[in-house]
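S.K.: Chain by chain, the residues run as shown.
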Amino acid sequence: AMEDVCARFVSQKISKTRWRPLPAAALQPPDLFATGSWDNEDNRISIWSVGDLGNVGLNGEYQGEPQLLCDIRHNGDVMDMQFLDQERIVVASSTGTVTVFRHHQNNQTLSANQRWEKAHYHVDQDASCGGAACTGVICNNPEIVTVGEDGRINLFRADQKDAVRTIDNADSSTLHAVTFLRTTEILTVNSIGQLKIWDLRQQRNEPSQIFSLTGDRVPLHCVDRHPNQQHIVATGGQDGMLSIWDIRQGTMPVSLLNAHEAEMWEVHFHPSNPDHLFTCSEDGSLWHWDTSTDVSEKPSFFHQGGRSTTYFSHNTINQSVVSAWLSNDPTKDRMEITNLIPNQTLSVNSLDILGPCLVYGTDAEAIYVNRQLFA
Amino acid sequence: QAAVPSQVVPGADPSARQLCFAWGPAEVLVCETLFGRRGESPSRGEGGPGRALLPGTLTAYVAGTGEGGSSSSRLFVVRKDQDIYIQTLRKLFNESHGIFIGLQRSEEELAGKSRKAQLVQVSKNYRSVIRACMEDMHQAAILTRDPALHSQYSTQVSILSAMELIWNLCEILFVEAAAAGPLLLRLLDWVRLHVCDVDNMVHEVLSSENPSKHELFWNVVDVFVLQGRMDEARHLLSKEASANPTSVNMYKILDDLMKKMPVPSLGNTQTLTEIELKWQHWHEECQRYLQDGTFASNSHMESICKILLGDEDAILEKKDLMTTWYHFLVTRLLYSHPTVKPMELRMDLFLGGESSPEPLDTILMAAFEFEMHQVIKECSIALSNWWFVAHLTDLLDHCKLLQSHNLYFGSNMREFLLLEYASGLFSHHSLWQLGVDYFDHCPEYGRVYLELHIERIPLNTEQKALKVLRICEQRQMHEQVRSICKIMAMKALRNNRLGSALSWSIRAKDAAFATLISDRFLKDYCESGCFSDLDLIDNLGPSMLLSDRLTFLGKYREFHRLYGEKRFSEAAKLLLMLMTAHIAPCSFWMTLLTDALPLLEQKEVIFSAEQTYELMRCLEDLTAGKSDKQKFQDDDVETMKVEMLRLALARNLARVIVKEGTLEGS
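Those protein sequences? They're chains A and B, same order as listed.
Start counting the first sequence at 1; every next residue gets the next number (full-length UniProt numbering).
Start counting the second sequence at 1; every next residue gets the next number (full-length UniProt numbering).
The hints are simulated quantities; they were obtained by calculation from the structure and are not laboratory data.
The structure displayed is predicted, hence computed values, not measured ones.
Glycine included, every Cβ here is placed at the ideal spot set by N, Cα and C.
You may find that some hints are simply not true.
List time: in silico DMTMM-like cross-link candidates among lysine to aspartate or glutamate, alpha-carbon distance up to 20 Å [stated by the list, open to error]:
#1 K464(B) - E65(A)
#2 K91(B) - D216(A)
#3 K491(B) - D126(A)
#4 K491(B) - D71(A)
#5 K464(B) - E261(A)
#6 K523(B) - D126(A)
#7 K464(B) - D71(A)
#8 K91(B) - D124(A)
#9 K555(B) - D216(A)
#10 K91(B) - D239(A)
#11 K464(B) - D239(A)
#12 K400(B) - E455(B)
#13 K523(B) - E41(A)
Cβ-Cβ distance ranges computed for the label pairs, FRET-style [claimed, not checked]:
#14 S158(B) - A158(A): 25 to 33 Å
#15 H138(B) - Q209(A): 32 to 40 Å
#16 P443(B) - P142(A): 52 to 60 Å
#17 V448(B) - N75(A): 31 to 39 Å
#18 R165(A) - A609(B): 23 to 31 Å
#19 H138(B) - Q105(A): 27 to 35 Å
#20 D162(A) - E451(B): 46 to 54 Å
#21 R561(B) - Q86(A): 18 to 26 Å
#22 R561(B) - Q105(A): 34 to 42 Å
#23 S483(B) - T338(A): 49 to 57 Å
#24 T183(A) - S528(B): 32 to 40 Å
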C-alpha cells in the first residue's frame, strides 16, 4: 500500500540503493541501506537507517523518514554498488575506479578501505590512458567482478592489490551489468542485446555461451538470476522490455514481456521469494511482477533472514516457481503486475528488496522505503 | 517605466579595463580584455528571445579570479539565478517540480467549486514545500558552527519566510478569492501565522505563575484583540476580573461586548445584510458604553472598547504590538469594515507611516491593491530566484487570472518566467533534468529552448548520454538525437572502441559515420589480418543495410566465416558477388582477389569456368582502371600479386575446362 512508503528528499540524484545484507540467522527486517549519487559536482555514498516504523513523534508527526547515519565523498558518478559483507561496500565509479568503503558501525563513519584506480580505462589514439566508466559490479565475498564501458571484465579479490584476472576487450560494445551465475561463472549483458556466460576457470578470453535478442539489437541494461533455479535469468532492455531466459536451452529468450516505456535500469528477483520480481525504469515507474498462483498460499514474510529457503518446503514450489517464469505466455496465466509509483515523473534508477522491505531512489532526488511490501 | 536595478559585479571595473561579455543561457561571462577600445561602451548584449527585458537579479559569482596582480586578466561568471546553487533549496526545486507537473496534468474540466478547491490545494502544497524547506534551513542554521554559513542560512530562512507570506496572501486574494466574510477570517489567519514577533511575549505571560499580575498582561490582551482572537482575550480577562471584585461589572460588560461581536462564519449561512445589521447594533452598543463612561476608570479597557469601535488612533497607539502595517490594515478591516468585499480593500489601504517602504511592503501593498502583475514584477526584482515568480504566475494562470495580459515580446508572462526558471535549472550540473518538464509546458518557445539547452549537457558517461537521448527521442528531436549519437560515436572512436562507435552510429542511423567506422574495421583487418569485434560484426542483423560499406563489412566477414567452415563453394560465390555487384569498394578488390587465391589452389575445383572468367574480368578491370602513372609507382609486390593471380586463374580455368568437359562427356 502506498501509505506505507516513506520518502525523503536528499538534494542529490540517487543512482543506487542497496540494503545491507542480514546475518544468516537474523529474524528482523533490514534496517540499514546505502545510497550512491550521480551527476553532482560532489557525489556521495551515504548510509541510512530506516526510521522507526509506527512510532509517532511528540507533535504527532510521522517518524518514518530515513535518517542519515554517515556519508563520504565519492569521486565520479556512482555507477553501481554492492555490499561485500555486513560492513564493506564495493562502489563502481564513472572514473573507472572501484572502491571498497567500510562502514564503521561503532562511530558511524565511512572510510575508503581499498581502491583499484582506473580498473577500467580506454587507451586512446595517442596511446594515453583515461578512465572508462565502470558500469557494473557484483560480489561473492571475497571475489569482486567488475565490467565497464571499455568492454573489460576484471576479477578482484578483496584482499589483493592487483586484479586476479582481467579480460581485455571481452566485449566490443559496452558491458552494462554483471551477475554471478555460479561461483565460477558470470553473466554479462551488453549494448547490442547480448547475454553472455563467462567461465572464469577457463583461460580462454571468450564467453562460453552467447545468447542474444533477435531483430533490433536492443541494448540490455540489467540482469538477475533466479536465486534458486539458476537456469532462469531475467534481463531488462532499453525498450523497457523484460526478457526471461532459460540458459539450458536455445539462444533466445523464452519470453519477452512488455513492461516499461523507457530503459529498464534494474531487475531483481525477490531473494527469498522468487515468485516476485521487481523492475524499475527511466520512465519513472517501478513494477512488481507477481507469479505466485494462489493468494491464500502466500508465504509469511515474518521469518525473513538472508536467503533462507525455509518456506520452499511449501508444496507449490514445483508448479508455480518452475513453470511461472518459463511458461510460454506468463501474462495470460498467472502474472499479476502492479506499478508501485502512480504519479512519478523522473527516472527510478535503482531498487533493492530484502524480506518485506523495498528501497528505491530517483532522479527527483528522493529515496523511498516501503517496509510492508506484502501487506 | 521602472528603472532596471543594476548590480555591481565585484572586482569588475570597466573604467580600468576593457570588458567583454559572452551571454549564455543563464550566465554571463565577463572577461577583462586587452583588446583596444573601439566603440563607446561595450556590448549591451541580447540573449534569447525577450531576454533581459524584464529585470532579473544578476548575482555575481566570481570564478577563477586571478590573484596575480594587475597584469593578469580576470574572468567573471555572472549567474542570473544564484539560488539554483543553494544545496538546501534543491528540495524545494524537486518537490515543487512534482506539484507543477501535477497541476499541468490536472483536469481543467472540473467545474467551478471543485476546480477552485483543487487549485487552492495546489497552492497549499507549494506553501508546505516552502515551509518544509524553511524548517530544514532553520535546522541547518542552528547546527552549523560556521558563522558565515549561519548568517547565510538565516538570510535564506527570512527570504523563504517572506516568500511564504506573499504566496499565502496571493492564495487568499487571488486563488481562493474568498467572499467578503470568509476573506476577513482568512486574512486574520494569515496575520496570526506570520506576525510571530509577539508570540514569545504571549508565551511568557501565559506561562507565568500569575498572568494577571504580569507587567505585560494588558499587552497580551491587546494582542489577542488586535488579532481578533476573542475567546483567548476573554479567557485572559476573566482571570483579571476574578482578581478585581470591585470592578467585576465593568469586566462583565466588556466580556459581553466581545462575546457578542458578530463574526462572519465560514459556513456562510447568514447573508451580508444580516451581518451588517447585527454589526450596526453591536457597534451602537459599544458606542453607548464608551460615551457613558463605563470604562472611564480603566484606561486599558477603555482603549479596548475604542479598538472594538475601530477607532484609528486607538489602534495606532498599539502599533508596537502589531509590528507591521499589514497587521494594522487587517485589524482596521476587522473593526471598521468586517464585511469588506475584496475589491473594497484598496479604499482602506492605509500607509504604515514608514517613509521608504521595503520591497516586501511594496509587494504586499500591490497584492492588496489587486495589482497581480505588479506583485509578480516586484517579486522578480526583489528575489534572487525565478522559482517563486515562475510557479506563482503559473498557478495564477491556471486560475485564469492572467489571460488578458500579453507581453509585447516573447509569449506571455507565464511562459517568459517559466523559461527563465528552467534555463536556470539547465545551468546547474544536476538539476537540468527538472528543467525539461518546464520547457515542455511552454507552448511557444519551450521546444527551442530545450533544443538549445540539451545539446550543451556534458555527456561524461554513456548512461547519462542515454538519459539525454531518451529525452530527445520522446520529443522527436531528431537533430539532437543525431548530434548526441555522433558525439558518443566520436568519443568511442577516439578511444579505439570501434564496436561501441558503430553501435552509436547505427542508433543515429548515421550512414556516413557507419561508413567511416567500417573503413576503420577493414583497415585494421588489412593490417592485422584478423577481425576485431567479431561479436558485433557477426550480429549486425538488419542494421547492416545502414551503409554500403557496413553491408560490405558484414558480407566480407560472412565470407571469412564460410571459408573457416570450409564451405568453399558458398564462400567463392559470395566473394565473386561482392565484386560483380559492386558491394566492395574498388580499393578493396585486390584484397578480395588475393582472398580468392587459396580457393583457386584447393585440390578440388571450386570456381566454375564462368566464375573464373568473371574473376579474370575483375582483375583486368582493376589493373586497366589504374592509370599508367600509377602503374609505374606500383611496387613489385603488387605486380607479383597480379602475376600470381593470373597464373592461378589460368590454371584454374584449365582444370575447370577439363572437369566440366569430363562431366559433359560422361
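S.K.: Is K491(B) within 20 Å of D71(A), Cα to Cα?
M.R.: violated (33 Å)
S.K.: Mind checking the alpha carbons of K464(B) and E65(A) for me, to see if they're no more than 20 Å apart?
M.R.: The given pair, whose Cα atoms are some 29 Å apart, is violated under the 20 Å limit.
S.K.: Hint says 23 to 31 Å; check whether the CB-CB distance for R165(A) and A609(B) agrees.
M.R.: Violated: the Cβ-Cβ distance is about 54 Å, outside 23 to 31 Å.
S.K.: Decide if the proposed pair is consistent with the structure: K91(B) and D216(A), CA atoms, cutoff 20 Å inclusive.
M.R.: violated (40 Å)
S.K.: Cβ-Cβ distance between S483(B) and T338(A): within 49 to 57 Å?
M.R.: This hint is violated: roughly 39 Å between Cβ atoms.
S.K.: Given the proposed pairing of K523(B) with D126(A), does the C-alpha separation stay at or below 20 Å?
M.R.: holds (18 Å)
S.K.: For a C-alpha distance cap of 20 Å, please report whether K91(B) and D239(A) respect it.
M.R.: Between K91(B) and D239(A) the Cα gap is close to 31 Å, so the pair fails against 20 Å, i.e. violated.
S.K.: Just to be sure I understand the hint, the distance between the Cβ atoms of R561(B) and Q86(A) should be within 18 to 26 Å; is that true here?
M.R.: violated (50 Å)
S.K.: The hint says 52 to 60 Å between P443(B) and P142(A); measuring C-beta to C-beta, is that right?
M.R.: Hint holds: Cβ distance 58 Å, inside 52 to 60 Å.
S.K.: Given the range 32 to 40 Å, decide if the beta-carbon distance of T183(A) to S528(B) lies inside it.
M.R.: holds (36 Å)
S.K.: Are K400(B) and E455(B) close enough, with their CA atoms no more than 20 Å apart?
M.R.: Since the Cα atoms of K400(B) and E455(B) sit roughly 34 Å apart, the hinted pair is violated (cutoff 20 Å).
S.K.: Mind checking the hinted window 25 to 33 Å against the Cβ distance between S158(B) and A158(A)?
M.R.: At 51 Å between Cβs, range violated.
Checked against the numbered hints listed earlier, the structure breaks hints 1, 2, 4, 7, 8, 10, 12, 13, 14, 15, 18, 21, 22, 23; every other hint is satisfied.
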